[in-house]
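Colleague: Residue strings, one per chain:
Number of protein chains: 2
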Amino acid sequence: MIRGLLSVLFVLVAVAVSSSLAKPEKNIAKRGKRIPQTLSRGWGDQLIWAQTYEEALYWARAQNKPLMVIFHLEDCPHSASMKKAFAEDKDVQKVLDEDFIILNLVYETTDKHLSPDGQYVPRIIFVDPSMTVRADITGRYSNRMYAYEPSDIKLLLSNMQKAKKLLKTEL
Amino acid sequence: MIRGLLSVLFVLVAVAVSSSLAKPEKNIAKRGKRIPQTLSRGWGDQLIWAQTYEEALYWARAQNKPLMVIFHLEDCPHSASMKKAFAEDKDVQKVLDEDFIILNLVYETTDKHLSPDGQYVPRIIFVDPSMTVRADITGRYSNRMYAYEPSDIKLLLSNMQKAKKLLKTEL
Numbered sequence: 000m001i002r003g004l005l006s007v008l009f010v011l012v013a014v015a016v017s018s019s020l021a022k023p024e025k026n027i028a029k030r031g032k033r034i035p036q037t038l039s040r041g042w043g044d045q046l047i048w049a050q051t052y053e054e055a056l057y058w059a060r061a062q063n064k065p066l067m068v069i070f071h072l073e074d075c076p077h078s079a080s081m082k083k084a085f086a087e088d089k090d091v092q093k094v095l096d097e098d099f100i101i102l103n104l105v106y107e108t109t110d111k112h113l114s115p116d117g118q119y120v121p122r123i124i125f126v127d128p129s130m131t132v133r134a135d136i137t138g139r140y141s142n143r144m145y146a147y148e149p150s151d152i153k154l155l156l157s158n159m160q161k162a163k164k165l166l167k168t169e170l
Numbered sequence: 000m001i002r003g004l005l006s007v008l009f010v011l012v013a014v015a016v017s018s019s020l021a022k023p024e025k026n027i028a029k030r031g032k033r034i035p036q037t038l039s040r041g042w043g044d045q046l047i048w049a050q051t052y053e054e055a056l057y058w059a060r061a062q063n064k065p066l067m068v069i070f071h072l073e074d075c076p077h078s079a080s081m082k083k084a085f086a087e088d089k090d091v092q093k094v095l096d097e098d099f100i101i102l103n104l105v106y107e108t109t110d111k112h113l114s115p116d117g118q119y120v121p122r123i124i125f126v127d128p129s130m131t132v133r134a135d136i137t138g139r140y141s142n143r144m145y146a147y148e149p150s151d152i153k154l155l156l157s158n159m160q161k162a163k164k165l166l167k168t169e170l
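Chains A and B, in that order, give the protein sequences. Residue numbers for the first sequence follow numbering that gives the first Met the number 0, so the first one is 0 and each next one is one higher. Residue numbers for the second sequence follow numbering that gives the first Met the number 0, so the first one is 0 and each next one is one higher.
Watch out, some of these pointers could steer you wrong.
Unchecked claim - Quick list of in silico lysine-lysine cross-link-like pairs, BS3-like style, CA-CA up to 25 Å:
{"no.": "1", "chain 1": "B", "residue 1": "Lys32", "chain 2": "A", "residue 2": "Lys93"}
{"no.": "2", "chain 1": "A", "residue 1": "Lys89", "chain 2": "A", "residue 2": "Lys153"}
{"no.": "3", "chain 1": "B", "residue 1": "Lys32", "chain 2": "A", "residue 2": "Lys83"}
{"no.": "4", "chain 1": "A", "residue 1": "Lys167", "chain 2": "A", "residue 2": "Lys111"}
{"no.": "5", "chain 1": "B", "residue 1": "Lys89", "chain 2": "A", "residue 2": "Lys32"}
{"no.": "6", "chain 1": "A", "residue 1": "Lys32", "chain 2": "B", "residue 2": "Lys93"}
Claimed, not checked - Which chain A residues face chain B? A few, computed with CB under 10 Å, are given here:
{"no.": "7", "residue": "Arg33"}
{"no.": "8", "residue": "Ile34"}
{"no.": "9", "residue": "Thr109"}
It is worth saying that the hints were derived from the structure and are not from the lab. All figures in this text were calculated on a predicted structure; none of them were measured in a lab. Built from N, CA and C at the ideal position, the CB exists for glycine as well.
Please build the complete structure, drawing on both the sequences and the hints.
Modeller: In structure tokens, the structure reads:
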């Protein structure tokens, strides 16, 4: 029997237990059937989403496209209002579909680079295909630099254009 | 600018590039709309799936339930036939719904404990809530110990019962 015990995961679990985490939802439709969970979680049903950060990084490198990572929670009203604005904005959706690898997560990863100023939701982080987290691409709030509100959609779109200007790869 | 560069991810990318990986599918329905990707990927639309291994481990510990991890590929015929049998078996689906945390992945994780005898698909690995990979719970093929075929559904169900007998936690 092999022990799949990683100290890093212990830390993760300890953090998770003490934080407000989205519980797996059991969406029950009217006829008693659950609505299947989607990878988009409502952030753009017509887009192609990566499932995990590792998968997303792989596709970013393979296709030489920037990666957008959205951290959110299903029961967070700020996440919900941002999600609505995000999913309804045709420009955002079009540029993402054509030029980005995308991932949305309701659970933090073990990579601390994805939380340059802490773990909060909603938070949008760009990663260059050279696997460099673009901590320089920020929103308008100095205390939560990677947070966006529905009124910030144009800023987000402008930040997406910044992220499309790829860093020179040093690899 | 922070560099989100992990050597372990380099290794992962190298492995991924050289392996036959499922490309993100652009399922286009008849009316030109894509069918939203589901977390179940057809292994049980009515079940509640974890998105990532870290999330799954968290829920396994929090709910003291064993975790089943299914590795598969969307364009692999063995995965497809196993998926069909799996999704249609009411006993399997019922026990999973009640007693298991479940995760299906089309991309390998960085945890080598999840590939005790190599990376292949389809492959089903159980993990105890004590975070111990149950390498002792195997299928019937000595060269691919964690592979199952549609005719092995009863064996899988029996293995699920084994996984439900939790190990004494040593934590």
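Colleague: Of all the hints numbered above, which does this structure not satisfy? Sort the numbers upward.
Modeller: none
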